[in-house]
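Q: If you're matching positions, the sequence shown starts at 1436 in our numbering and goes up one per residue.
Keep in mind the hints are simulated off the structure, nothing from the lab. Note that the structure is a prediction, hence the values are computed from the model and not measured. Ideal placement from N, C-alpha and C gives every residue a C-beta, glycine not left out. It cannot be assumed that every hint is accurate.
Claimed, not checked - Computed spacing ranges between beta-carbons, pair by pair:
#1 Thr1454 with Thr1491: 35 to 43 angstroms
#2 Ser1479 with Gly1517: 22 to 30 angstroms
#3 Asp1524 with Gly1473: 22 to 30 angstroms
#4 Thr1454 with Val1560: 35 to 43 angstroms
#5 Ile1463 with Ile1555: 16 to 24 angstroms
#6 Leu1518 with Gly1486: 38 to 46 angstroms
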Amino acid sequence: MAAKIRTWWQGLRYRGGGTMIAWLFHRIGGLAMVVFVGMHIFASFLTQQFGSDFGTAINIVYQSPYFQAPLYFFIIFHAINGLRIILLDTFPKLLEYQREMTWLQWMVFIPVYGLVVFFIIASIVSGE
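Use the sequences and the hints to build the structure in full.
A: Quick look at the structure:
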């Protein structure tokens, strides 16, 4: 039993490399989307069924730029990483270029997320 626990714990240890960070961010992105959609449904239910101020408060939280910026980070990363995974699954010969594809993924992600951050900051400055 102790050997199983030790093996399980070693499986969680960070081994380095961009692909493991991509794996971690992909999982966090999926979880972030589930939390966001759950909050949205829960807030809508409370607001429509009970006219609850708590539902309105939840809406204010997920409409704030401090919630949106990390949420968009993980959603965009999840989408681009998913495209990389689809390409690798569709064309198995590309697996030997997995490191390069991870770098390409970051080169696509950074300008796209930078544009999103620009629009978030622009909405903060304009007061919308």
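Q: Hint by hint, work out which the structure violates, then give me just those numbers in ascending order.
A: Nothing - there is no hint that the structure violates, so all of them hold.
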